[in-house]
Amino acid sequence: MRGVFAQLCNTEMMPYDAYLTLRSLDAGYGRTRVLEGVDLSIGKGEFVALLGASGCGKTTLLRTIAGFALPSAGSICVGDRDLTRLPPDKRGMAMVFQSYALWPHMTAARNIGYGLRLKGWRREAIAARVAEMEALLGLEGLGGRKPSELSGGQRQRVALGRALAVDPDILLLDEPLSNLDARIRLTVRHEIRALQQRLGITTIHVTHDREEAMVMADRIVILNKGRIAQLGTPQAIYTRPASAFVAAFMGAENVVQLNATCSANRVDIAEGPHNRAASLTLGLPAPRSGRLEARFRSEQLQLSRLGDEATDDTSCVELIGRVEAVVYPGGQWRHTVRIGKGSVLVDAAEALPPGSDVLVRVPTSGLFLFAAPADTPSGPPSAADGPSPVRDRLTA
Amino acid sequence: MSAPSAFFAAPHSGFDSLRGFLWWVPRAAVLGTLAFVIFGPLANLLIWTVAERWYFPHALPIDYGFSYWGRVFAPRGNAVQSLIASISIALFTVAGSLALAIPAGYALARLKLPLRGLVLLAFLLPQAFPNLPVYVNIARLFYEIGLNGTVLGVVLVHVTHGLVYAVWIASAAFSAVDRDLELAARNLGASGLKGFADVTLPLAAPGLMASAIFVFLESLDEFTGSYFVGAPDVTTLPLLLYSAGAGGNYQIASITALLLLVPSIAFMLVVEKFLRADVLAKVGQ
Numbered sequence: 001m002r003g004v005f006a007q008l009c010n011t012e013m014m015p016y017d018a019y020l021t022l023r024s025l026d027a028g029y030g031r032t033r034v035l036e037g038v039d040l041s042i043g044k045g046e047f048v049a050l051l052g053a054s055g056c057g058k059t060t061l062l063r064t065i066a067g068f069a070l071p072s073a074g075s076i077c078v079g080d081r082d083l084t085r086l087p088p089d090k091r092g093m094a095m096v097f098q099s100y101a102l103w104p105h106m107t108a109a110r111n112i113g114y115g116l117r118l119k120g121w122r123r124e125a126i127a128a129r130v131a132e133m134e135a136l137l138g139l140e141g142l143g144g145r146k147p148s149e150l151s152g153g154q155r156q157r158v159a160l161g162r163a164l165a166v167d168p169d170i171l172l173l174d175e176p177l178s179n180l181d182a183r184i185r186l187t188v189r190h191e192i193r194a195l196q197q198r199l200g201i202t203t204i205h206v207t208h209d210r211e212e213a214m215v216m217a218d219r220i221v222i223l224n225k226g227r228i229a230q231l232g233t234p235q236a237i238y239t240r241p242a243s244a245f246v247a248a249f250m251g252a253e254n255v256v257q258l259n260a261t262c263s264a265n266r267v268d269i270a271e272g273p274h275n276r277a278a279s280l281t282l283g284l285p286a287p288r289s290g291r292l293e294a295r296f297r298s299e300q301l302q303l304s305r306l307g308d309e310a311t312d313d314t315s316c317v318e319l320i321g322r323v324e325a326v327v328y329p330g331g332q333w334r335h336t337v338r339i340g341k342g343s344v345l346v347d348a349a350e351a352l353p354p355g356s357d358v359l360v361r362v363p364t365s366g367l368f369l370f371a372a373p374a375d376t377p378s379g380p381p382s383a384a385d386g387p388s389p390v391r392d393r394l395t396a
Numbered sequence: 001m002s003a004p005s006a007f008f009a010a011p012h013s014g015f016d017s018l019r020g021f022l023w024w025v026p027r028a029a030v031l032g033t034l035a036f037v038i039f040g041p042l043a044n045l046l047i048w049t050v051a052e053r054w055y056f057p058h059a060l061p062i063d064y065g066f067s068y069w070g071r072v073f074a075p076r077g078n079a080v081q082s083l084i085a086s087i088s089i090a091l092f093t094v095a096g097s098l099a100l101a102i103p104a105g106y107a108l109a110r111l112k113l114p115l116r117g118l119v120l121l122a123f124l125l126p127q128a129f130p131n132l133p134v135y136v137n138i139a140r141l142f143y144e145i146g147l148n149g150t151v152l153g154v155v156l157v158h159v160t161h162g163l164v165y166a167v168w169i170a171s172a173a174f175s176a177v178d179r180d181l182e183l184a185a186r187n188l189g190a191s192g193l194k195g196f197a198d199v200t201l202p203l204a205a206p207g208l209m210a211s212a213i214f215v216f217l218e219s220l221d222e223f224t225g226s227y228f229v230g231a232p233d234v235t236t237l238p239l240l241l242y243s244a245g246a247g248g249n250y251q252i253a254s255i256t257a258l259l260l261l262v263p264s265i266a267f268m269l270v271v272e273k274f275l276r277a278d279v280l281a282k283v284g285q
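Going down the list, the protein sequences come from chains S and H.
For the first sequence, the numbering used here gives the first residue as 1, with consecutive numbering after it.
For the second sequence, the numbering used here gives the first residue as 1, with consecutive numbering after it.
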């Protein structure tokens, strides 16, 4: 099913010609395979985010594209040029490293101008281009400093300037924001995105931060264990996750198990010990009949005391539980509601005291249904190492 | 129980101050002995360099003067010749070992070589066996191929001897250079060699400098190999020192020793400045 969905996205979201094309790329270190059969097409001028938990292979994919590691199988093409076996210096790509990798023995200006020096530019032309980059990135007057004399944010901009100065065909960003403190990071996101749009550079951005990927990228590639789990626009991935993994990664960490009979777009949910019967019409093909894993975010739910519910609406999934704890992270009250053996997080405008028996209504639009894995424990499966909603809320 | 606390306690209790004072006696004795062991021979050496006549039972020289300095540095004196020989052999040795140690150290630092530890250990082999039989055999071999008594022969012996420092320290120096710094240069269009010259080499330079200095000092001080392979055609300072000392000419021997001591001390100060802790931590890894 995942494959079908990815295919769908491919044709749906790609009205332009592919510029960078990866075909069934395999890569690994020694015997461990880090990437398996990665297919990806990126259009000219497009901003694509590679999103995944640590160890999913996203940095390996970026380094393979940059030519720092050779793939064990598959091909990398830019336009109609096959780059698969080319050394990194012949690829016309520029990378911003997570550590910035600025050369400590050179000044900021020499760092930025290095690529141009290699191209054999004249000294004055290099100085002019470096000044232009410094102006673009707000580094005026800092060109004479060594990297050790710059702040983290300034280093990050020097690294970006060094990559942009050579006017690369493709810009590769390896978590360049992860070493900045949270507040600077938010503004730099928008700066980089605006710059990329202005210069029209094809950009691949590796990140583990979902929100960062969402606000910066035209399309997001979600990687899981070296494979593409889903590929699509931020909105498509957020509203139509193709698998339980993607749903969890995109914040739908609440999970309950339901029994249902499905046909085409219809899902008839059987009444269970902790849920009422419902019949839903989905915008997507429904999963197989049987045991389902239902995932939803803690937002946009309705929480009411049991017996107080306003209408008897069967187009929602209604879950019966008991409030265990209430906290106020800002905005709305966050309830921990025990449902059967597991528990879910529910945001609501008004707080209900712990111990209340409640009804949680999950609207169809916020509900993601997947066939339950064969041997699922009845509790909430841990959302792999995806971001937890609580942590997100606290850091946002 | 430490001395400062004893001092602070002194105004309050006479017993404590006495104990503090007594505690200083063994300490002073140990420190004094140590100082004597280190500086006694040095002082003796310094006095010998300016002694004209000095014999038993006199505790100090009878006449002072610099006439032996004149003899050592006389245009036809052996010392100047062997000083030049020693320094040029040391410089050739440094050049030779760096020429081998830079590629070898880089390979050991960067490439995933099988048996890496064994390769590193192999450079230690010349030091692992007793020097004498090794050099006697080298001398016999060199004699057959005409290398005995040549500067090249001595340089070769010194290179094998110094290579362990050179390779180990160079490998550590290259390991301390972040791989991403090299890749950043490659990424912007530098060929492998260009990236190495622009980024890796300048960043590893302090470590390489330190290894060069070690090799230089080792070569300057090396005796056994120089003796078997070089003597009597090639006379280095240690050889001169040996023959002067064996001949009872303590003035010449002391002045030569002083000449050997100066670069050693100067270079140790430089090494201490160049060899950063992060490089040192990677030696032999």
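What the hints contain is simulated information worked out from the structure, not anything from laboratory work.
You may find that some hints are simply not true.
A few chain S residues that face chain H, going by a derived Cβ cut-off under 10 Å, partial list only [what the hints assert, rightly or not]:
#1 G92
#2 A94
#3 L102
#4 Y114
#5 R162
#6 Y328
#7 G331
#8 Q332
So the derived label-pair ranges between C-beta atoms look like this [claimed, not checked]:
#9 S:R145 / H:W23: 33 to 41 Å
#10 H:F223 / S:A125: 52 to 60 Å
#11 H:L113 / S:A125: 54 to 62 Å
#12 S:G152 / H:A197: 26 to 34 Å
#13 S:I184 / H:W23: 41 to 49 Å
#14 H:M268 / S:R81: 51 to 59 Å
#15 S:R85 / H:A95: 32 to 40 Å
#16 S:S24 / H:K194: 29 to 37 Å
Calculated pairs, EDC-like style, for lysine to aspartate or glutamate (alpha carbon to alpha carbon, straight line, at most 20 Å) [said to hold, decoys possible]:
#17 S:K146 / H:D198
#18 S:K146 / H:D178
#19 S:K44 / S:E211
#20 H:K194 / H:E218
#21 S:K119 / H:E218
#22 S:K90 / H:E218
#23 S:K341 / S:D357
#24 H:K273 / H:D233
#25 H:K194 / S:D89
#26 S:K119 / H:D198
#27 S:K146 / H:E218
#28 S:K90 / S:D167
#29 H:K112 / H:E218
Just so it is clear, the structure is predicted and the values come from calculations on it, not from any experiment.
We put the beta carbon where it would ideally sit given N, CA and C, even for glycine.
**Message:** Given the hint of 54 to 62 Å, is the C-beta distance from H:L113 to S:A125 inside that range or not?
**Reply:** 43 Å, violated
**Request:** Could you say whether the range 29 to 37 Å given as a hint is met by the Cβ separation of S:S24 and H:K194?
**Result:** Between S:S24 and H:K194, where Cβ atoms are some 33 Å apart, the hint holds.
**Prompt:** Given a hinted range of 26 to 34 Å, is it respected by the beta-carbon distance of S:G152 and H:A197?
**Reply:** 29 Å, holds
**Message:** For S:K341 and S:D357, compute the direct alpha-carbon distance and say whether it is at most 20 Å.
**Reply:** 15 Å, holds
**Prompt:** S:K119 and H:E218: Cα distance at most 20 Å?
**Reply:** Violated, because 44 Å separates the two Cα atoms, which is more than 20 Å.
**Item:** Interface hint compliance - S:G92 to chain H, C-beta minimum distance less than 10 Å
**Value:** At 8 Å from the nearest chain H Cβ, S:G92 passes the 10 Å test, so the hint holds.
**Request:** Go ahead and decide if the range 33 to 41 Å is satisfied by the Cβ distance of S:R145 to H:W23.
**Result:** Check failed, 53 Å falls outside 33 to 41 Å.
**Asked** Can the restraint linking S:K90 and H:E218 be considered satisfied, given a maximum Cα separation of 20 Å?
**Response** At roughly 44 Å apart (the allowed maximum being 20 Å), H:E218 and S:K90 break the hint.
**Item:** Minimum beta-carbon distance criterion (10 Å), S:R162 to chain H
**Value:** Interface hint status for S:R162: holds (7 Å vs cutoff 10 Å).
**Asked** Hey, H:K194 versus S:D89, does the alpha-carbon distance stay inside 20 Å?
**Response** Status holds; Cα separation ~11 Å.
**Item:** Satisfaction of hint between H:E218 and H:K112, Cα-Cα up to 20 Å
**Value:** 30 Å, violated
**Prompt:** In this structure, is the beta-carbon distance linking H:M268 and S:R81 contained in 51 to 59 Å?
**Reply:** 56 Å, holds
In the structure shown, a violation is registered for the earlier hints numbered 6, 7, 8, 9, 11, 13, 19, 20, 21, 22, 24, 27 and 29, in ascending order.
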